[in-house]
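A.B. asks: In case you want the letters, here they are:
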Amino acid sequence: MTIATDLGARPSRPLPFWPMVWAAALAAVMVLALLGDRFPALIDYPAAAVVPLTDWVSAIMAWLKANITWLTRSITAILGVPLDFALSLFAKNFKIGAGPEAIVLPRLSWVGIVVAAFLAGRAFGGWKLGALVGGCFLYIALFGKWTSAMLTLGLISIAVPFCIVTGLLIGIWAWRKPWAEKLIVSPSLDLMQTIPTFAYLIPMLILFGNSPVSAMIATAIFAMPPMVRATMLGLSRVPSEIGDFSEMAGCTARQKLWRVLLPSARPTLMVGVNQVIMLALNMVIIASMIGAGGLGYDVLLALRALKVGEAMEAGLAIVALAIALDRLSQAMARRQARGHVHGDAEAGPFWKRYPNLSLALVVLAATTIAGLFIPAFADVPKAITMTTAPAWKAGVSWITINLFDVIEAVRVALILYVLNPVRAFCEGFPWLGAVFLLGLAAFQLGGARLAILVAALTAYCAVTGLWEKTMATVYLVGISAFISCLIGIPIGLWASRSDRVEKIVTPIIDTLQVLPSFCFIIPVVMLFRVGDVTAMIATVAFAVVPAIRYTNHGLRQVPPALMEAAVVSGCTKRQTFFRVQLPLALPEIMLGINQTILMALSMIIICAMIGTRDLGQEVFIALSKADAGRGIVAGLAIAFIGIIADRLFGAWTAKARGKLG
Amino acid sequence: MNAAVDTGLSAALARPVDPRPIKLACRNVWKVFGPDAVDWIGTRDGRASSADLAEAGLVGAVRHVDLEIRQGEIFIIMGLSGSGKSTLVRCMSRLIEPTFGTVEFEGKDLLKVSDAELIELRRHRMGMVFQNFALLPHLNVLENIAFPLSIQGIDRAKREARAREVIELVGLRGREHFYPRELSGGQQQRVGIARSLATKPEVWFLDEPFSALDPLIRREMQDELLRLQGVLHKTIAFITHDFDEAIRLADRIAIMKDGEVIQTGTPEELVVNPATDYVAEFTRDVQRAKVISARSLMRPCAGGEHGGVVAPEARIASFSAGIVAAGKPFAVVNGTGKPIGEVTPQAVIDLLAGIDGRGARP
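So the protein lines, in turn, are chains H and P.
Read in order, the letters of the first sequence correspond to residues 0 to 660 in numbering that gives the first Met the number 0.
Read in order, the letters of the second sequence correspond to residues 0 to 361 in numbering that gives the first Met the number 0.
In case anyone wonders, no lab produced these hints; they're calculated from the structure.
As the structure is a prediction and not an experimental result, all values here were calculated from the model.
Treat the hints with caution; some may be incorrect.
Unchecked claim - Chain P regions said to be covered by chain H (calculated; three or more residues, Cβ under 8 Å):
1) 82-94
2) 120-131
3) 146-157
Note that CB positions come from ideal geometry on N, CA and C, so glycine has one too.
Same shape as in the complex, but just chain P:
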């Protein structure tokens, strides 16, 4: 049994390399606050421990962060308040100038582009959604959404037509002439989302977009985001302090603590293989069946009869009821229909009950 699990696990970890190009990358990015921080970190060539920082009387909000976000991926940066996640995303969009390191946008150093180029980039290729919506109080919904287009000098008819398109997309039709204060929090954030989409950006920064909403609305908006992403395929950098939200939405998650990224991986990798106790603490209460895939639970086919077929990426929760009812193992088949292993009902039951020896903690 143990051997089988190990092969399953290594199969899960040895997934094929993501073929999508890297859209946005951070290379040893630092944001250090304090006197002469630029020189200080520069002379060290971007290497310093937290003890070094403390000794110099500096505050490291973001410390040697390396990230690669691939095109079309939902990349979540998760951390508690004060972990530096907001500062990091502002470094990535250059709202804050990093103290050290490079931020690459399609391989080009974003920190070296001129102000005019940066404005062009932001006007056409980046969008951002804010925690407290940041809607302009003096403009109505339609004008708010058309605002990014209007500062580009696009004429009224054209920009309003585009604004109406995105209003339709986020389901706000009929609210065009309302002012932000007349809308509920969820509706306001829909406006924020629509506004950031009006310019058809490629990279989409979402800074805790749902944190100011109450739980039911938050869930609804998460579904909405997944729906939109299914249509739009943006490259998304999403900030949150809510691990459940991260797991629901993420392709990959980077967990931050004290300005550092302590682990990057898929939700499954984090749950199955937490790098530190800190990460394990987050993953402890996660419903494992919703995160772990058939691939990590499968073992080599024993040759018996199969009660059904599942894809390697299928989450256990999606077929747990079926497999337990069938009472027979399910075959795990790859894209060509060839079985690469099987999942037994017992393994699923063990996982659901939390008595599996691998990841479950007391």
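Next comes chain H alone, as it looks inside the complex:
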């Protein structure tokens, strides 16, 4: 209804203000571009005027390194204790003493862990989940990735509880103190989630050294934001009546929080826990570059040596671990929310109250002790492991031999007709024009404050001397996000119109979403080798998920009553869709596009590993040289690109939502 009046009102406006402004602005930028020949400073930021932010940051890091190393090294030592314990427990065996006399206590038996995984799955989601989770672990064991996978799992098992506790406390603080949320927590979260993963690693590497501990700290910082957000969201969503009740029951402030509000918010908190686990897994893989070891390191080594078969195998083990952890933690979240035990569950001895947990503990202990005498329990016997690496390799060879022409033609065509022209356009775009146009857009969407923020962040990319690299990033992200939307939105549309399609699409995108970003690169590299095309294809595969999900969700959540109203007023199917359903779903779809852009950005940065020439590469190089200034400055530039996109889309969505009421 609002829409109808809105559509009706538009043509009658005497002078379309904004279109005129935009026409003038574009003309001005065009002139700027034409003048570029004579004044190159308009296009490329003059090298002489570059603010030496890099040097300043490097100086600060150097000072930090010199002066607080004692602190960071002690932290490393302290955090190293639980971490070593976890790593020994899962992967490395305990060694007490040194040399040949050292007593070696075995790690947990792989048989025991597989059985325990199965039992955990069965306890929270029945036989089916038990089989899935147990199967994933068995797969890892049989394909010879056991030790690597357990190193990864050990790191996660320490990083995740740390994230949950810290995230919870920060979330509570931010919820209690609105000023803290507004001034400190929200901006930090935005920054933490848009700074590329690599950029986290550099200061960690410098301060904490190349060790599993610094990998764990980087992981913890990276994976914490969803817990903070979930805590704030969960607490603010608890109905006010429940808060009133707790006061009327005479709860003290502490009782109110811990015994009423937090338990009431549990379903939302568990969603946060699930996200923390998945992000931690993702980050642990990337943190293998600074000493985390584990599956990520296997992939890294294989990719560096271009052993695609090995990389694929390690990648699949990551996928198995990711699926197992995701399904298990989701089932736990649902189970917690359901809880249906009738009868006095509290009575009886421990093993009766927790039969699955007790059984798992017994099996773990028994198999681990058995491992002392029977080697097959301690290590996965070579005889039963298998490898698919040669098969992958043969497959790739076959494809390269037989389909080389086709693939090469696609690759060359993409480069010649898509990538290169866009790249040329982006890199030739005057920086001053970009600052101006983005600022103008921000002003139209969100007023003066947003305009200043956006213009300042854009200018940052120029004055730090990173303009060319920034535009190289923007071009790849732009193309990838565009193609993702081109593929994702129609699929989402299709899924929204057919339950059968939705049923097929949902599990696929759910799985795509839990896969660590690393995994997307491997199969593409096998076919397209390294370069921009590979980066683009991997990014599209990674970033297509939100476009599908939000489109489907947005279209489906249009109230049926409105659709019926449209049909009853005599709309054709086409009119119903274009005049009612689409405008109402548009804010949600825009949110999906926003997410797609952010995911594309994060993926493009990781693609620096396969030889792109953008900001990601800058960070990657800085990482390998442990050059903090260079890495952090480029990392911030990447974060700012994300923030600009996010703010502009956010303002647009808010505006559209406001119009719809």
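We have chain H already, so just place chain P on it with the hints.
C.D. replies: Chain P only, in chain H's frame:
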């Protein structure tokens, strides 16, 4: 006839003063939202018109409310949404801090007690039931009901024994280990009621407790409340937007509009003597025979034969069929058995037909 009715009416209004002590009272209570509201109302000493508020750009959610709730009484605060009734009851329980005025609990200013004292008061002497039940989703029925006791540090065996007592009282036996989401709305509110009773409170706040229930269940729960009150004799502050519910349950009703109490009285007083057109609008569709008592319909005895006896408080509906069948006046007798007047069949018929000149409106 008219003279007789007038005496009857004045007799009804001149009822003996309620001897029960005042349990909870509001004295010129204000809740004003807006910048510097506390100073604004403070400098005016709690006197301001709605025009004053509008001029200052403030919103008066509750305005100069004076109420006295007596011990053991069901006091209903009735108003449509936005009338400030929920805010008022939250001021009375200090869930919301009033901007001005005093709230007295047994003569003591509730707004001056310390946080620790307030917690003690709430733990032992106040209970509250909520519109949307406000049950804790992670606890089962038994744990929910025992929760207020558990935060007092009462040991498990003791608090569960008490919880089972109230479960019995509200008729939820056999549901102890169900979770809130497994119960129907009516059952959930029974849990809410049981939970608020577990601490044996003296003052019981009921914030639209039955509004989220469907009509049949609502009626059942109203009967249940009357049954419980017959056993427990709590002091009840009950919020509702449903005038029929108010009439069914109330000893006295306060009608709120735009943050103000516009009339306080028994259901009968409101029906017979509405203070404003707004109140009259509510009472128009009320079945008068269910509200009006023999006392207000009686006239001095004419000396004829009586077909029966009724108490002055008896509602007309309770004996209308009998009196019309008997065809003779009924004597109205007080506690000592002395007749103080009589009700004629004609008066009852007139009332039922709505042709009585007094209260019936076209």
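A.B. asks: Does the structure break any of the earlier hints, and which numbers would those be?
C.D. replies: Per hint list: zero violations.
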